[in-house]
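If you're matching them up, the sequences are chains Z and H in order. The numbering of the first sequence is this note's numbering, which starts it at 1 and goes up by one. The numbering of the second sequence is this note's numbering, which starts it at 1 and goes up by one.
I should point out that these hints are in silico values taken from the structure, not numbers from a laboratory. Note that the structure is predicted; figures quoted are calculated from it, not measured. Some hints here could point you the wrong way.
Claimed, not checked - Selected chain H positions facing chain Z (Cβ under 8 Å, derived; list incomplete):
1) G93
2) D157
3) A184
4) W282
5) P316
6) P344
7) F360
8) G408
9) D428
10) T431
11) S432
12) G462
Ideal placement from N, C-alpha and C gives every residue a C-beta, glycine not left out.
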Amino acid sequence: MDTVSPRGTVGEEGESPRGENVNQAGVGGLRPGDPEQIGPYRLLGRLGEGGMGTVYMALAPTGRPVAVKVVKAEFAIEDGFAARFHAEVDNARRVASFCTAQVLDNGNAGDGRPYMVTEYIAGTPLSRQIAEHGALEPGPLHGVALGVAAALAAIHVSGLVHRDLKPANVILSMSGPRVIDFGIARALDSTSGFTKSGEVLGSPGWWAPEQVRGQEITPAADVFAWGCLVAYAGNGRHPYGRGDMITMATRLLNSPPDLGALPAPLNDLARRATAMDPYQRPTAQDLLIALVGGGIAAPSGGPSPQLRVDPPTLVATDLLGESWQPPPNVEPDSTQTLGAIGTLGAEADTPPPPYPWTSDTSPGESGAGTRPGGASPASGTLPPGGATPAPGPLPLPETGSTFFPSPPGDGAGAPQAGAGARAAAPGTPAPAPGGGPPGQGVRPPLPGAPSPGAAAPGRERRRWMIAGLAAVAALAVTGVVLANTGGDGAGRATPSPGASAPAGNTDVGRRIALGSPVEDPHLIIPRAPACGLASYRGATPQRGRFCVVRWILVNTGGKLVPLARTPLTLVDDRGVSHDPGALAPELPTALTPGGRVDGEFVYDLPPARTPARLTGRVVEGGGEIEVRLS
Amino acid sequence: MRFLLSLLLAAALPVLPAGAPVPGSAVPVAAAPDPCASAGESDFDGDGVDDAVVGDPFADVAGADGAETVNGAGAVHVLSGRSGEGAVVTAPGPAAGDGFGWSVRLVHIDGDRCADLLVGAPYADLPAGEDAGAAYVVYGGTPRDPVRLTAAEPEADAHFGWSLAARGPLVAVGAPHENVDGVADSGAAHLFETSALDRPWKISQSTDGVTGNSEVGDMFGWAVELGRLGGTAGELDLAIGLPYENDDGTGVQAGEGKLDSGAIGVLFDVRKNRGKQVSKKWDLREITEADAGDRFGYALAYGEDGDTSYLAVGAPLGDGESVKDSGVVQLFQASSTAEITPGPTFGQGREGVAGDGYGFAVAFSEGGELRLVVGVPFRGPDQRGSVSLFPVGGGSGRARVVDGTGPGERFGWSVAASGNKIVAGAPDRGTSGGVTLLGRNDGAATPAAPGAGKVPALDRGGSADFGSATG
Numbered sequence: 001m002d003t004v005s006p007r008g009t010v011g012e013e014g015e016s017p018r019g020e021n022v023n024q025a026g027v028g029g030l031r032p033g034d035p036e037q038i039g040p041y042r043l044l045g046r047l048g049e050g051g052m053g054t055v056y057m058a059l060a061p062t063g064r065p066v067a068v069k070v071v072k073a074e075f076a077i078e079d080g081f082a083a084r085f086h087a088e089v090d091n092a093r094r095v096a097s098f099c100t101a102q103v104l105d106n107g108n109a110g111d112g113r114p115y116m117v118t119e120y121i122a123g124t125p126l127s128r129q130i131a132e133h134g135a136l137e138p139g140p141l142h143g144v145a146l147g148v149a150a151a152l153a154a155i156h157v158s159g160l161v162h163r164d165l166k167p168a169n170v171i172l173s174m175s176g177p178r179v180i181d182f183g184i185a186r187a188l189d190s191t192s193g194f195t196k197s198g199e200v201l202g203s204p205g206w207w208a209p210e211q212v213r214g215q216e217i218t219p220a221a222d223v224f225a226w227g228c229l230v231a232y233a234g235n236g237r238h239p240y241g242r243g244d245m246i247t248m249a250t251r252l253l254n255s256p257p258d259l260g261a262l263p264a265p266l267n268d269l270a271r272r273a274t275a276m277d278p279y280q281r282p283t284a285q286d287l288l289i290a291l292v293g294g295g296i297a298a299p300s301g302g303p304s305p306q307l308r309v310d311p312p313t314l315v316a317t318d319l320l321g322e323s324w325q326p327p328p329n330v331e332p333d334s335t336q337t338l339g340a341i342g343t344l345g346a347e348a349d350t351p352p353p354p355y356p357w358t359s360d361t362s363p364g365e366s367g368a369g370t371r372p373g374g375a376s377p378a379s380g381t382l383p384p385g386g387a388t389p390a391p392g393p394l395p396l397p398e399t400g401s402t403f404f405p406s407p408p409g410d411g412a413g414a415p416q417a418g419a420g421a422r423a424a425a426p427g428t429p430a431p432a433p434g435g436g437p438p439g440q441g442v443r444p445p446l447p448g449a450p451s452p453g454a455a456a457p458g459r460e461r462r463r464w465m466i467a468g469l470a471a472v473a474a475l476a477v478t479g480v481v482l483a484n485t486g487g488d489g490a491g492r493a494t495p496s497p498g499a500s501a502p503a504g505n506t507d508v509g510r511r512i513a514l515g516s517p518v519e520d521p522h523l524i525i526p527r528a529p530a531c532g533l534a535s536y537r538g539a540t541p542q543r544g545r546f547c548v549v550r551w552i553l554v555n556t557g558g559k560l561v562p563l564a565r566t567p568l569t570l571v572d573d574r575g576v577s578h579d580p581g582a583l584a585p586e587l588p589t590a591l592t593p594g595g596r597v598d599g600e601f602v603y604d605l606p607p608a609r610t611p612a613r614l615t616g617r618v619v620e621g622g623g624e625i626e627v628r629l630s
Numbered sequence: 001m002r003f004l005l006s007l008l009l010a011a012a013l014p015v016l017p018a019g020a021p022v023p024g025s026a027v028p029v030a031a032a033p034d035p036c037a038s039a040g041e042s043d044f045d046g047d048g049v050d051d052a053v054v055g056d057p058f059a060d061v062a063g064a065d066g067a068e069t070v071n072g073a074g075a076v077h078v079l080s081g082r083s084g085e086g087a088v089v090t091a092p093g094p095a096a097g098d099g100f101g102w103s104v105r106l107v108h109i110d111g112d113r114c115a116d117l118l119v120g121a122p123y124a125d126l127p128a129g130e131d132a133g134a135a136y137v138v139y140g141g142t143p144r145d146p147v148r149l150t151a152a153e154p155e156a157d158a159h160f161g162w163s164l165a166a167r168g169p170l171v172a173v174g175a176p177h178e179n180v181d182g183v184a185d186s187g188a189a190h191l192f193e194t195s196a197l198d199r200p201w202k203i204s205q206s207t208d209g210v211t212g213n214s215e216v217g218d219m220f221g222w223a224v225e226l227g228r229l230g231g232t233a234g235e236l237d238l239a240i241g242l243p244y245e246n247d248d249g250t251g252v253q254a255g256e257g258k259l260d261s262g263a264i265g266v267l268f269d270v271r272k273n274r275g276k277q278v279s280k281k282w283d284l285r286e287i288t289e290a291d292a293g294d295r296f297g298y299a300l301a302y303g304e305d306g307d308t309s310y311l312a313v314g315a316p317l318g319d320g321e322s323v324k325d326s327g328v329v330q331l332f333q334a335s336s337t338a339e340i341t342p343g344p345t346f347g348q349g350r351e352g353v354a355g356d357g358y359g360f361a362v363a364f365s366e367g368g369e370l371r372l373v374v375g376v377p378f379r380g381p382d383q384r385g386s387v388s389l390f391p392v393g394g395g396s397g398r399a400r401v402v403d404g405t406g407p408g409e410r411f412g413w414s415v416a417a418s419g420n421k422i423v424a425g426a427p428d429r430g431t432s433g434g435v436t437l438l439g440r441n442d443g444a445a446t447p448a449a450p451g452a453g454k455v456p457a458l459d460r461g462g463s464a465d466f467g468s469a470t471g
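Sequences are here, hints too, so could you generate the full structure?
Written as C-alpha cells, this is what we have:
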C-alpha cells in the first residue's frame, strides 16, 4: 500500500528507507498529535507510516490487538475517496484470512479520515528478515513461496489485486507467512490527486512491467511480484539489483530478472512468474497447485522429507507445522502479542484473546471459519467488549477445532470420552445458553494441550492426501468455489436428487453431488446409520445412544475443493438437531482432484430418537445439502 | 456358511471368490476339459452366452479372513448371460477404501476363449503410497489366481486403475492423477503386454513423440482405449482422453487458454513405437464449436464395423446445438487404408439441457450394424437419466432412447455392450444402485440389482454404488 516518490531508492531490503506502514512487532510509541482512539479502537502505538497514512497498533473493544490504518487527510478530502476506500475495503473483507491479515472493519475517524482495521500479525517482515539474516533456507523459502501464493490466490479470487506485494508486506509469523496491506490500492490508484503528484503506486523493484508501462493491472502483476519476492528471499538480493526508480524501471523493461539459484520447483515457477508478458504467467492458483503437488511428488527439492517418507502418519496440522519452518529468530506470536499488550495498564487484567494459531488450531482452520459478516457489523462498530469471551459475534478468529466441536445446541456436554487428548481439550465453548453453532465458539487456548493431530483415535482410514501443504491451498481456493458454485446460481438451478428430490425415501447409497455432478465432489453415505450403540470405540454416550454415520467423499472433478470445517448436523425424527461428537476425525481441509476421504460422524442421540437426515455444508462456500437417512 | 457360499460361488462360476488366497480353496467342481470351448466374445463363464460385469467401488465386502466387513473395499458382480445369475468378485485381500470396481472391462488376457475381467481399484494403497491404485486381472474359464497390476513406480494418489482397456496383446491402465515429472495431476497411462503383466511401461505427455506437454491438472489417462485407429495394420493404437487439458496452444502453460476444454491423443502403433511415439492430438475446437469446460475426452469407446473402426469421445459438458453444457459425443473413424479423421458430432439437439451429461459414458455395441450407446445420466428434471442407442456408419436402424425409471437414479452413468444386450448403470437407483439390461434389437429392459432376483446381495457387506461401472 505504500507509495514511493520518484526520488525513492531501493534499499537492500527492497523497501523505501523511510517509514513503512508495516504491521510488525516493532511497536513505536504514539506521538504528539496522534489520537487516543480511532472509532472504537484504542491506540497503543505506532506500527509504521507510509505514503498513504499511518498504521497504529490498537486494541479492539473486545481486547483483541488489531492494526488500524488511517488515511492521510490529503486523500480523505478528495472527492469520493472515502466512498472508494470503503468500497475497496469491503471487497478486501471478503478475502479469506488465510495467509493474509484479515480485514476486520472499516469506518471514518472522528476527523473524517477513513480507516481500516486488520488482524495484528506479530512477526518479522520478510524484508527485515533478509536484511538482517540473509537469504532463507530452502524450507522456510518454500513456505514463504507457498504462503504468499496462497494469499494471492485468496486475494485474486475475491476480485482484488494486491498491487504492492513486496517483502515488507509479508510478515513471517510463527504460524506461517502472512500477506498484509492489500485491498485499498485501487482506491488510491484512482485518486486523481494522487497520480497528479507524479507518484507511482507500488514500490520500485516490485513493479510488474505492465505497471511501469501504465497498462492495465491484473492479478498477473502480483504473480510477477511473487516471482521477484521468491528470488529475493532465496538469494538475499533483489533480482533487478539496486537503484533508483528510473534505473529499476529501465532494467525491468529491458532485461530478465536475475533469479539466482533457487531450489526446484521454485526456480521454474519464479521464471514463469516473471515472464514479461502477463498472459504467459501462471495464476496464483497454478502456483499453489504446483507447489503443493510438486512439492509432494518431486523426488528432490521438497522442503520436508517427512512428507515423502511417511505420509500416512501425517495429518493436516502436523504437516502444516512441517511445511512452515519459521526462521529461528521469529518468536512465538504469543510472546510478542502479550509483550505488546503489556503496556495496557487498566485493561491488563483482561487477558488478551489468543491468536488462533497459538494452540490447537491451524491457520487453515482459522481461515476456513472466517465470517466476513460475523466479525463485526457493517457499520464499523464492534460489539462492546466483553471480559469473558462468549460464543457469538466476537471478531476473533474461529477456533476451528481440530476435532469436531461438541454440540452446544442442547446445552449438554458432548461425549468426550475415548480420547484422552480430547478430554483435555476444551471441546465446548464457555457455557453459554443458546450458543452459536460449533465452529463459532471461542475456544481459549490451551498451550499445554496435546497436539490434536498426534492423538486422533478412531481414524478409520487416513486419507489426508493433501494434508498440510494443501491445507495451505485450501483456503485460497475457497473463493474459487464461491465463485463457481455459490455465486453461480444458474449452475445450481437443478438440485441434485440426493439433496432435495422429493421422491425416494433415503439417500443412503446415493452419490450426492455437492454442486455439479460432473465438476464437483460427491458425498456418499454408503450404509444406513448404525444407531443404538451403547458404546463406540471405547466411548460411552452421555445422553442416550451413539449413532454412527459413515461417509465417503470423492472428488471426481478437476478442482481443489476446500471442505467446510463444520461437520454435518443430524436432525432426528423429532426435528431436533445434533452435532457430532468428538469421536470422528476431522475432515481434511480440501480435496484434491481425484481425492477420496472415508470417515464417520458419531452422534449422541437421546433415547428413542432415530436419525432423519443430515444437513449442512460439505464444501466450504458451497450450498447447503440435505441427506435423507430414513 | 462361509464355506458353503464359497463352494456355491465356485460351482456357479469358476472365479476365485473373495477370501480364497490359497488356490486350493477354489478347486473347480468337475470342470470340463476346456470350459471355454464354446465361449462367446464377452463370455466370462464360458457357457456360450456373453456376460456382463458391474462394478460397485463403494461396496462393503467380507474381508479376506471372512470375519470382518471391509468398508468401501469395492466389489464386482458378474451377471451370467445365460442364467442371469450373479456372482461376486472381490479383490484378493480386500482393503478398506480401495475402490475395487471403479472401472471394469470384460476383455481377453490369456489364451483361452473365455473373457477375462479387468478391474480397477484406483484407491488401493501400495507400499509406495496411499491411493496409488492397482488393477486386477481375474481370469475367466479355468480358475487361476488373479493378477494384480501396478505401475512400475507406483505413486501416491496417482489413481492407477481409474480407466482400463485391453485388446490383443496390450492392456492399458490410466493413472490420471499421477504427477509426471512432478507436475501435479498431469497424468499417465501404463501399458502392459498380456504376456508380461509385471513389466509395464509408462506413457505421458512427457514421452518422446507424444503431442502436448505435461501440464498441471491435464489428467492424461482419464480415459483410455485400444484399437485400430489409423496406424500400421496389425499394430494397436492407443487413444487417451485428457478432459482437463486446457486449449492453450503449444508449449507448457498452466491455467491458461480455455480451461478444461479437454483433448484426446492417439498414439499410433503404440507398442512398436515404444521408444519414440508417433501421435496426434485433437482439441474439440478443431472439429466443432467448443468452449472452456467441455471435458472433451471424459469418456472413450472403440468399435469396429467391417474394415472401419470408430472412436467415440464424450464431452459431457460440451455445447450441443448451441445448448451450452448439455454434452456432445464426437465420432472419429479410421480404416486399414484411411487415416483417423473426425466424423459427425452427436448431441441432443435442441432438447438438450445444460448439465444433462450427454457423453458422460459411451460404448459401442458390435454385431450386425454398429451402434453407439451414449449415457446421459443427469437428463431430466430429477436426474433420472437416459441412455441413447443409435446406429453409426451407414446403419439405418432406429435410434432408441431409454429413460431412467425413477427419480435421481442417474441411469446412463455407465454403459457397456454385452453381446446383444446393453448394460447401463443406474448407481443411484435405490440404496444399492442398479443396472438395466437393454436388448439391442428389441425393446427389452431388464433391471437388476444386488439382492433382487438372481443377483445375490453381498455377504457380510453391503452394496452402495452398484452400476457406477459396467463392462
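Results for each hint:
1. G93: violated (16 Å)
2. D157: holds (5 Å)
3. A184: With Cβ-Cβ at 2 Å, under 8 Å, it holds.
4. W282: With a closest approach of 19 Å, the W282 (chain H) hint is violated.
5. P316: The hint holds - P316 (chain H) has a Cβ within 8 Å of chain Z, the shortest such distance being about 6 Å.
6. P344: violated (23 Å)
7. F360: Given a least distance of 7 Å, the restraint on F360 (chain H) holds.
8. G408: Since the shortest Cβ distance to chain Z is 2 Å, the answer is holds.
9. D428: holds (4 Å)
10. T431: Since the shortest Cβ distance to chain Z is 4 Å, the answer is holds.
11. S432: holds (6 Å)
12. G462: holds (5 Å)
Hint compliance for this structure: hints 1, 4 and 6 are not met, and every other hint is.
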